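> Here's the letter readout for the chains.
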Amino acid sequence: MANIAAQRIKREFKEVIKSEEVAKCAIRVELLNDTFTELKGEIAGPPDTPYEGGTFVLEIKVPETYPFNPPKVRFVTKIWHPNISSVTGAICLDILKDQWAAAMTLRTVLLSLQALLSAAEPDDPQDAVVAKQYKENNEMFQITARHWTNVYAGGPNINKDCDDKIRRLADMGIEEHQARVALSSYDWELERATEQLFS
Amino acid sequence: MKVTIKKWTGVATWKWVANDDNCGICRMAFDGCCPDCKLPGDDCPLVWGQCSHCFHMHCIVKWLQSQPVNQQCPMCRQEWKFNNK
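Protein chains in written order, with UniProt numbering: chain A, 1 to 199; chain B, 1 to 85.
Hints were generated in silico from the structure; no laboratory data involved.
Values in this document were obtained by computation on a predicted structure and should not be read as measured data.
One should not assume that every hint holds.
[To be verified] Straight-line C-alpha distance at most 25 Å; calculated DMTMM-like pairs for lysine to aspartate or glutamate:
| hint | chain 1 | residue 1 | chain 2 | residue 2 |
| --- | --- | --- | --- | --- |
| 1 | A | K165 | A | D187 |
| 2 | A | K10 | B | E79 |
| 3 | A | K14 | B | E79 |
| 4 | A | K135 | A | E189 |
| 5 | A | K61 | B | D36 |
| 6 | B | K38 | A | D48 |
| 7 | B | K38 | A | D34 |
| 8 | A | K132 | A | D48 |
| 9 | A | K18 | B | D42 |
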C-alpha cells in the first residue's frame, strides 16, 4: 500500500480514539490488519430515530489511493433505511462517491453516516422498497426500522407483533430472515407476504 | 572586565506561517514534509489557495490530478485557485 494511505490511516486512527465522540460511545474504529487497509467501524444509532439503542457495524476498506479516493464503506449489520441496501449493506452517500474530499477522515465519514441515519434522503434511494415505504407509509417504516434495530443491532424495542408474524411464517418452513424481509416489504401484511413467498 | 568572543555558532529556527498545524490532505505537520519527501523546507513547500486554505504543494497537486473535473479545495469545496500573491 502506498505510503501516504497507511501513514494517514495510522494518524486518523489515533485521532478517532482520542475524539470526544468515542468518549460518548457514539463511534468506534478497530484495525483488522497491520497494513491499515481494512478496518471495522461502529456507530451508535442516533437518539430520537428508530435506530436508537442499536450498534451498527461497518466494513471499511481503504484503497491504495486514499485519501485521493474515498474509503469503501458498507454496513455489515442489517439495517432498514432508504439509503442503505437491506440486502448488501451498500450505502448511497455522496461523500463516499463523487463528493469525497481529501480533507475528510474516518471520523467525519462515521459522523456523516450517523447523520444519514437521522436524515434519510428517500429521493436518492439505495433500497427502493424501503424508500417507497418511507414515503408512502412512514409509520410502518418506523416500526420496521425499529424492529430490525432490535433484531440485528441489539436495540431495546421488542415488537411482539412483528415477532409473532415471523414465527407464523417460520412455522411454515420459511427461514427467519427471509420471512422478515417479506413481511417488511409488504407492510407486515401476513397474507401478502405469504403469497409472495410461495408464489 | 573585558570579554573577548573567540567563536560563536548561530542557531536559527524556522516555521511556516500557516492557518493550521497539519496538512489537511496527508495530515502530516506543515513543519515536516509530505509523506513522499525526506526533508522539510523549500524542497517540500506549502501553497495557498485563494480560499486561504493551505497544503503541501505535493499533496494538493496530487489531489487536483485525481479530480478530472471540478477542481475544488479539499477543505471548503470552493473552486481551487492558487494564490500567487
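> So, for every hint listed, does it hold in this structure?
Going through the hints against the structure:
no., hint, in the structure
1, A:K165 <-> A:D187, "holds (12 Å)"
2, A:K10 <-> B:E79, "violated (30 Å)"
3, A:K14 <-> B:E79, "violated (31 Å)"
4, A:K135 <-> A:E189, "holds (18 Å)"
5, A:K61 <-> B:D36, "holds (22 Å)"
6, B:K38 <-> A:D48, "violated (50 Å)"
7, B:K38 <-> A:D34, "holds (24 Å)"
8, A:K132 <-> A:D48, "holds (22 Å)"
9, A:K18 <-> B:D42, "violated (33 Å)"
The structure is inconsistent with the numbered hints 2, 3, 6 and 9, although it conforms to all the rest.
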